Amino acid sequence: DVKVTQSSRYLVKRTGEKVFLECVQDMDHENMFWYRQDPGLGLRLIYFSYDVKMKEKGDIPEGYSVSREKKERFSLILESASTNQTSMYLCASSVTGQGSNEQFFGPGTRLTVL
Amino acid sequence: GNSVTQMEGPVTLSEEAFLTINCTYTATGYPSLFWYVQYPGEGLQLLLKATKADDKGSNKGFEATYRKETTSFHLEKGSVQVSDSAVYFCARTPFSGGYNKLIFGAGTRLAVHP
Numbered sequence: 001d002v003k004v005t006q007s008s009r010y011l012v013k014r015t016g017e018k019v020f021l022e023c024v025q026d027m028d029h030e031n032m033f034w035y036r037q038d039p040g041l042g043l044r045l046i047y048f049s050y051d052v053k054m055k056e057k058g059d060i061p062e063g064y065s066v067s068r069e070k071k072e073r074f075s076l077i078l079e080s081a082s083t084n085q086t087s088m089y090l091c092a093s094s095v096t097g098q099g100s101n102e103q104f105f106g107p108g109t110r111l112t113v114l
Numbered sequence: 001g002n003s004v005t006q007m008e009g010p011v012t013l014s015e016e017a018f019l020t021i022n023c024t025y026t027a028t029g030y031p032s033l034f035w036y037v038q039y040p041g042e043g044l045q046l047l048l049k050a051t052k053a054d055d056k057g058s059n060k061g062f063e064a065t066y067r068k069e070t071t072s073f074h075l076e077k078g079s080v081q082v083s084d085s086a087v088y089f090c091a092r093t094p095f096s097g098g099y100n101k102l103i104f105g106a107g108t109r110l111a112v113h114p
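Taken in order, these protein sequences are the chains called Y and G. Using my numbering, you'd call the opening residue of the first sequence number 1 and step up by one each time. Using my numbering, you'd call the opening residue of the second sequence number 1 and step up by one each time.
Read the hints as simulated data drawn from the structure, not as lab findings. As the structure is a prediction and not an experimental result, all values here were calculated from the model. Built from N, CA and C at the ideal position, the CB exists for glycine as well. Certain hints may be false.
Computed beta-carbon distance windows for the label pairs [stated by the list, open to error]:
1) G:K68 <-> Y:E56: 40 to 48 Å
2) G:A111 <-> Y:G63: 19 to 27 Å
3) G:V82 <-> Y:Y10: 24 to 32 Å
4) G:G78 <-> Y:L114: 44 to 52 Å
5) G:Q81 <-> Y:R14: 38 to 46 Å
6) Y:T96 <-> G:T26: 18 to 26 Å
7) Y:K57 <-> G:E63: 33 to 41 Å
8) Y:K53 <-> G:V82: 29 to 37 Å
9) Y:S65 <-> G:S79: 18 to 26 Å
10) G:Y39 <-> Y:K53: 19 to 27 Å
11) Y:K57 <-> G:R67: 29 to 37 Å
12) G:S14 <-> Y:L114: 22 to 30 Å
13) G:G29 <-> Y:S8: 31 to 39 Å
14) Y:S65 <-> G:T12: 23 to 31 Å
Start from the sequences and build out the full structure, keeping to the hints where you can.
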């Protein structure tokens, strides 16, 4: 089975802190994604990566950065956390090609910024 | 554009009732279409998909037919169970800019009561 794991299920941080969310996949997928999920807004893409050290902005990249130093790991960084970044963060991965674009998701990290 | 519109929830049903969750997409390109399900406390998992017009995706008693003429991909199940209570997301592939991205709807929460 494809497994996507995220470093924390729940996280509480203070405004201004630097926050790291880690995601690891074990299926050698080329593509990895970070989304945030908010009620009524569905999933919004923050950043994605299609290869090691490659990254592309999604729809809402402001206030976030990412790092992909190894194929299996994709990190989301909040440089200076703010209360409006309180949300559920979901990581996903997919393989290039195959025509179906199926993504495999981790369990999510619920981040609260106080 | 690249949008997906789902019916607003929550949808509340009694066990064994018939379920329909509406999903329409913008008629740009020839997208692949998906339904993902998110059970409480978990990430999203693929429920079913269809890659071309008139295809029917099915899984776990759920079905959805890719209707190009109405740009719809409605999710149906003949007899829901309490265990089907979850949030359901409709998704499509984007018109351009691959990398296996997906565009998600806002999600529809389903609550099934015994």
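These are the hints, each one checked on the structure:
no., hint, verdict
1, G:K68 <-> Y:E56: 40 to 48 Å, "violated (30 Å)"
2, G:A111 <-> Y:G63: 19 to 27 Å, "violated (33 Å)"
3, G:V82 <-> Y:Y10: 24 to 32 Å, "holds (26 Å)"
4, G:G78 <-> Y:L114: 44 to 52 Å, "holds (46 Å)"
5, G:Q81 <-> Y:R14: 38 to 46 Å, "holds (43 Å)"
6, Y:T96 <-> G:T26: 18 to 26 Å, "holds (25 Å)"
7, Y:K57 <-> G:E63: 33 to 41 Å, "holds (36 Å)"
8, Y:K53 <-> G:V82: 29 to 37 Å, "violated (46 Å)"
9, Y:S65 <-> G:S79: 18 to 26 Å, "violated (47 Å)"
10, G:Y39 <-> Y:K53: 19 to 27 Å, "violated (34 Å)"
11, Y:K57 <-> G:R67: 29 to 37 Å, "holds (33 Å)"
12, G:S14 <-> Y:L114: 22 to 30 Å, "violated (40 Å)"
13, G:G29 <-> Y:S8: 31 to 39 Å, "holds (38 Å)"
14, Y:S65 <-> G:T12: 23 to 31 Å, "violated (41 Å)"
Hint compliance for this structure: hints 1, 2, 8, 9, 10, 12, 14 are not met, and every other hint is.
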